[in-house]
Amino acid sequence: MAARAACLALAIGVLPVHSFYLPGSAPAQYKDGDRIPVLVNALTPQIAPHAQLKSVISYNYYEPAFGFCQPPDGPKQQSEALGSILFGDRIYSAPFEIDMMRNTSCRVLCAANISSTNAQFVNQRIREDYTLNVLIDGLPAAEMKKDDRTNEIFYSSGFELGDDSSLVTGSTSGTDDHSTPTLHTHYNFYLEYHDRSDGTRRVVGAVVWPRSIDSGRPSSSNGEADCYAERSYRLSETADNEFFWTYSVYWTPSATPWATRWDHYLHIFDPRIHWFSLINSIVIAVFLCIMVGTILARAVQKDLSRYNAIDLEEDVTDDMGWKLLHADVFRPPQKASALSVTIGSGSQLAAMTGVTLIFALLGFLSPSNRGLLPTVMIVCWTFFGSISGYVSARLYATFNGQNWKTNLGATALTFPTILFGALNLLNFFLLTSGSSGAVPFGTMVAIVLLWFCISIPLVIVGGVFGVRQGPISMPVRTNAIPRQIPPTIWYLRAWPSAILAGVLPFSAVFIELFFVMSSLFGNKVYYAFGFMTLCMSVVVLTTATVTVLMTYFALCAEDYRWQWRAFLCGGGSAFWVFIYGLSYWASRLSLNGLSLKVLYLGYLSLVTLVTFLIGGSIGFIASFVFMRKIYSHLRVD
Numbered sequence: 000m001a002a003r004a005a006c007l008a009l010a011i012g013v014l015p016v017h018s019f020y021l022p023g024s025a026p027a028q029y030k031d032g033d034r035i036p037v038l039v040n041a042l043t044p045q046i047a048p049h050a051q052l053k054s055v056i057s058y059n060y061y062e063p064a065f066g067f068c069q070p071p072d073g074p075k076q077q078s079e080a081l082g083s084i085l086f087g088d089r090i091y092s093a094p095f096e097i098d099m100m101r102n103t104s105c106r107v108l109c110a111a112n113i114s115s116t117n118a119q120f121v122n123q124r125i126r127e128d129y130t131l132n133v134l135i136d137g138l139p140a141a142e143m144k145k146d147d148r149t150n151e152i153f154y155s156s157g158f159e160l161g162d163d164s165s166l167v168t169g170s171t172s173g174t175d176d177h178s179t180p181t182l183h184t185h186y187n188f189y190l191e192y193h194d195r196s197d198g199t200r201r202v203v204g205a206v207v208w209p210r211s212i213d214s215g216r217p218s219s220s221n222g223e224a225d226c227y228a229e230r231s232y233r234l235s236e237t238a239d240n241e242f243f244w245t246y247s248v249y250w251t252p253s254a255t256p257w258a259t260r261w262d263h264y265l266h267i268f269d270p271r272i273h274w275f276s277l278i279n280s281i282v283i284a285v286f287l288c289i290m291v292g293t294i295l296a297r298a299v300q301k302d303l304s305r306y307n308a309i310d311l312e313e314d315v316t317d318d319m320g321w322k323l324l325h326a327d328v329f330r331p332p333q334k335a336s337a338l339s340v341t342i343g344s345g346s347q348l349a350a351m352t353g354v355t356l357i358f359a360l361l362g363f364l365s366p367s368n369r370g371l372l373p374t375v376m377i378v379c380w381t382f383f384g385s386i387s388g389y390v391s392a393r394l395y396a397t398f399n400g401q402n403w404k405t406n407l408g409a410t411a412l413t414f415p416t417i418l419f420g421a422l423n424l425l426n427f428f429l430l431t432s433g434s435s436g437a438v439p440f441g442t443m444v445a446i447v448l449l450w451f452c453i454s455i456p457l458v459i460v461g462g463v464f465g466v467r468q469g470p471i472s473m474p475v476r477t478n479a480i481p482r483q484i485p486p487t488i489w490y491l492r493a494w495p496s497a498i499l500a501g502v503l504p505f506s507a508v509f510i511e512l513f514f515v516m517s518s519l520f521g522n523k524v525y526y527a528f529g530f531m532t533l534c535m536s537v538v539v540l541t542t543a544t545v546t547v548l549m550t551y552f553a554l555c556a557e558d559y560r561w562q563w564r565a566f567l568c569g570g571g572s573a574f575w576v577f578i579y580g581l582s583y584w585a586s587r588l589s590l591n592g593l594s595l596k597v598l599y600l601g602y603l604s605l606v607t608l609v610t611f612l613i614g615g616s617i618g619f620i621a622s623f624v625f626m627r628k629i630y631s632h633l634r635v636d
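0 is the number of the first residue of the sequence shown in numbering that gives the first Met the number 0; add one for each residue after it.
Incorrect hints may have been included.
Unchecked claim - If you anchor each label on the Cβ, the simulated ranges turn out as follows:
#1 L323 to I294: 15 to 25 Å
#2 S582 to P36: 15 to 25 Å
#3 L600 to P485: 52 to 62 Å
#4 R476 to T431: 51 to 61 Å
#5 I488 to L448: 20 to 30 Å
#6 G441 to G198: 19 to 29 Å
#7 H632 to W494: 41 to 51 Å
#8 Y227 to L448: 48 to 58 Å
Claimed, not checked - Within a straight-line C-alpha distance of at most 27 Å, the following computed DSSO-like cross-link-like pairs (lysine-lysine) qualify:
#9 K523 to K145
#10 K53 to K144
#11 K404 to K334
#12 K404 to K523
#13 K53 to K628
#14 K75 to K30
#15 K144 to K523
#16 K596 to K334
#17 K404 to K53
#18 K53 to K145
FYI, nobody ran anything at the bench for these hints, they're computed from the structure. Glycine is no exception: its CB is placed at the ideal position from the N, C-alpha and C atoms.
The task is simple: from the sequences and hints, build the whole structure.
Encoded structure:
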């Protein structure tokens, strides 16, 4: 369904029409008194500008311990995209009743009774800065905040469950211990509407000001709540707690049209940093490409002139440098099947990333289409299995591999098995933590069906096509007996050169990584896809250039084992991504408990693995093209 929606969006996008709306994001018009759809999502931890993130798991809104009110007919789960489920969205119907243009003051949702044990759970979630996520006409109810650097007002999705600030004062429920956090028991919804010429209205903004109010005890107030009390409310951890959940609704006009209603949410923190990151990346790429291009062009041209002049003089005793390796440079590497499988998987992931970025850059992956971004990634990865099979089979044939069926099986199963096994392990820790982000069994079955019914057959189809095309032709012949390799200087060995080569690609994107990490783990909305696309283009160019340079240095040192070295050098930036993830943990996270630590390290390891495979495949392909190019211009008897 999600794949069909994405394809439909692309098809509509190329048709000659004046305007269109993406599926699932068409505007809704309301008349006065019409009921506005309100949904609730999972509670998530949010990273504050000057605080550390204290958790990485989410909780179901209707977790009994929270004591939230339910709709009269019970909560109903909403259908969601596959990617939305995998990323932890759990959307249900809400008990809030909001009607267009009808202001409501101090409306009681329900009376709550939270036990002392559950109070400890809720207070801990408040200390961990958890936020409620409510969707009003598809817009996330947000808190209005101010950017300290630019002084711009923006909407921060979600609103706080409570306040753990020591500055909060007021009476408590049965205790004077002000070290206990306050619970937000009242929500003021300020909804913005935009008038249309036909007399209808559209919702263009949803701001919430939560308050902690001790509005009275249900057992002694005849169901009446005092929403204007100045006393804050704290949950007692030694006795049961009685209180009211209340809310108010206020409608305000807005000049913001429906088409730009998300602009308040898609705030880019300090765009100067993004521009600095982009300029930094471009400068690095241009400088590196000019430097490497100049060095290689002069060096290779000089080498070719000298080598070809020696051949014309029929004096082969003066051969030196990389010409000596012409009979060994295309010798099949050790563990050729493993190399072809990893490059095939990396090519599949690279194609998935590129297409997803194009969709995002064109605006098809709007945040109003919840879960569409991860859904497109999953669908692209599934259907690009043919790329993986083709690249792996073609390279394996080039490496003189004979067991192509075994190679295809390894291509179809190796990386997905690692990924699926790791996700199941992390899912186990989510289940034991009581997180709503745990993937349901039915979703796991759907992923397995996508893997076995679509991805694997496409890998086989692409592999068979690659086998039929046969090996890639080489410009020089390979001797039967390999030449001896002289001792290699330490920084030209495989792993040291990979770590050194990864510095420049990583430096081109490390500033943008902060915003990506905050989006992945801190529940921030990331929408700077223009910056990301340009940065990734620079990373690809830098990775290819650095890998070619390291390959050339190794050839000049008379080491013909370039295949694995090129792959490792291309993926070397993954090492620095992992180090950055650890430093991000040290500076921005405060995780207590084994489950939280395992979850963060597990997801970070998966990101590192994907980065390694994508970069490695780019580095190998660039080096392979370079090798064929220079040796095709070499005159060899």
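Item to check | Violating hint indices (sorted, rising) | outcome: Per hint list: 2, 3, 5, 6, 7, 12, 13, 16 and 17 violated.
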